[in-house]
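Generate coordinates for the entire structure from the input sequences, incorporating the hints supplied.
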Amino acid sequence: MTPLSGAARPEALEGAAKFTVRDLDFYYGDFHALTGMNIDVRENSVTAFIGPSGCGKSTFLRCLNRMNDLIPGTRIDGTITLDGEDIYGPGVDPVDLRRRVGMIFQQPNPFPMSIYDNVAFGPRLHGIKKKEELDQIVEQALMRANLWKEVKDIMERGGLTLSGGQQQRLCIARVLAVQPDVLLMDEPCSAIDPTSVQKVEDLMAELKSSVTIIIVTHNMQQAARVSDETAFFLQERQGEPAELIEFGRTAEIFTSPHDRRTEDYITGRFG
Amino acid sequence: MSEPLKTEKAASSSGLKMMSRATYFREAALKNIFLLCAVLAVAAVGLIFVFTMARGWEVVKDPGLAAFLGGTEWSSSLGRFGILPLINGTIAVTLGALLLGAPLAIGTAVFLSEIASPRMRSIVRPAVEMLAGVPSVVFGFFGLVMIRPVVAELTGGMGFGTLTASVILAVMIVPTIATLTEDALGSVPPGIREASYAMGATTWQTIYKVLLPAAKIGIIDATILGMGRAIGETMAVVMVAGNAPQFFKGLGAPIATITSQIVIDMSYATGTHKTALFGLAIILFLISMGLVALVRALSRLNTKKA
Ligand SMILES: Nc1ncnc2c1ncn2[C@@H]1O[C@H](COP(=O)(O)OP(=O)(O)OP(=O)(O)O)[C@@H](O)[C@H]1O
Ligand SMILES: [Mg+2]
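Note that the protein sequences, when read in sequence, are chains S and V.
Position 154 of the first sequence, counting from 1, maps to 154 under my numbering, and the rest follow consecutively.
In short: position in the second sequence from 1, add 1000, done, that's my numbering.
Just so you know, the hints here were simulated from the structure itself, not pulled from any lab data.
Each residue gets a CB set at the ideal place from its N, CA and C atoms; glycine is no exception.
Heads up, a few of these hints could be off.
[Unchecked claim] Straight-line Cα separation of at most 20 Å, EDC-like style, residue types lysine to aspartate or glutamate; simulated pairs:
id : chain 1 : residue 1 : chain 2 : residue 2
1  : V       : 1216      : S       : 156
2  : S       : 152       : S       : 181
3  : V       : 1209      : S       : 86
[Unchecked claim] Covered stretches of chain S (in silico footprint by chain V; criterion: 3 or more residues with CB under 8 Å from a CB of chain V, positions within the stretch not fixed):
id : segment
4  : 59-73
5  : 169-180
The following block contains the structure:
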């Protein structure tokens, strides 16, 4: 394999823990989806979640910004802290949490409004109304998302008129406009073209100096390229809850995994 | 190896050609039966239109186009057949119905699609749909007995008039607008809803900043169709409007609409009077054609935007 970025940037692992998850269990009604999850996500690093389909990667990700709260009948045990603060603690407003923990979805989902309004959506929710201020935020967010050059002359065009890859970067800009601490990305590259994938990966590398990134991916090479640490999820038997099998430096997980199952999965995917 | 493959192919292709005669005739017969249904439906509309035109066009001659379209008085005893008071009445009643009914219906649709629990939805939705099946004479009766006294109390007078008619029509158009608005909200891509919540929008912000704008054209469509229903509704209006062909004088004052006037007059109208009633029918035709055209133009706009 190509040199692993985790090995190339060991200093990234020395940061403080952004998210700390302890003894997490998660239920969709009667279905026990996740069990006994423990993980520390380091600040300003990229963490990859890998594992077979249906092993709870998205479910876990959506615990981190409380998107699962929107699904009736879900239940969570254990604790998740963000910067030491329990995000499921009493008095925590999930709406406020989601402003700090942004999310990018597999399918690009810009709003059916202009490019400008898409990016200005979050700031406007925060009550920013001044045109100059919004203009500046929008431009900056689009620049950070590597999209500014392509759209600066068509800001009033509908967000949905862009290509899939551009739409995904528009969604990233939309999230960046509210200055989140964390970016959760659920298979952000699986519905877009290779050139756009390259651009998204580049911008992840640029962003991680200021944002903590967690990415779910089915692409092993991508996990190896972009992440500092990797978590391997597995649901061993149908109907049983998924577990976190192994978590560590990406370099280690991909070259010398401790767990047999991790190795099977990784080599299975490569070979 | 290629030989048997070839014969197999030939066999199957000749097999494809052999459609049995019975099947052929059945298919042809079915096709023609459906065609006949479509032709009959179109013919009915066409026939009614032609008939109405044939009987109504003479308004051009007898009251005369200016007297008909520009006349400010409708009085069969005086032989004046000006439709402006009726148009005015139709607009007043319809506007009132929309002002009261559309927000109620859109609110109901938002509740059903975004807020209600599945259990709540399974109670409210059938109730709304049932409203659509209630005969209009029942609405009229309800208005007469329940709404009219309240309006009489509020406005003084008998309570027959614009407000009572508007309230009844508002309730009658709720199912149309609510059902279509719920469809429009339901066809907003689910990813957009999620994106809004993930951006830290509250339910209320998601509804009015994202979902309602995204479903805007569908909601306007729904409202136009509701408006069509309000304009066309006759029975309930006749029962509560007071049926005085006069310009709007206040919410409690009696009024007449195009449709209610036709019903009131048709049993005894003769000559010019009768021609004028057919003229009213032509006006109704034109209005509903206009509304349909508007809806079509909007949906074309919608597909172009997407
Ligand atoms: N809304 C839901 N209600 C009930 N069960 C669900 C729901 N969403 C997911 N599940 C179940 O939870 C388990 C984990 O699903 P999840 O979507 O988290 O997997 P995943 O690892 O993201 O899979 P993929 O790689 O295919 O995206 C699966 O068994 C799935 O069927
Ligand atoms: Mg998933």
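Consistency of the hints with the structure:
A C-alpha spacing of about 18 Å is found between residue 1216 of chain V and residue 156 of chain S, which places the hinted pair at or below 20 Å, so the restraint holds. Simply put, residue 152 of chain S and residue 181 of chain S have alpha-carbon atoms about 26 Å apart, too far for the 20 Å limit, and the pair is violated. Our distance criterion of 20 Å between C-alpha atoms is broken by residue 1209 of chain V and residue 86 of chain S, whose separation comes to about 30 Å. As drawn, the segment 59-73 of chain S meets chain V at 4 residues by the rule of a beta-carbon pair under 8 Å; at three or more, the given contact holds.
Figure legend: the segment 169-180 of chain S, annotated as covered by chain V; annotation consistent (4 residues with Cβ-Cβ distances under 8 Å, at least 3 required).
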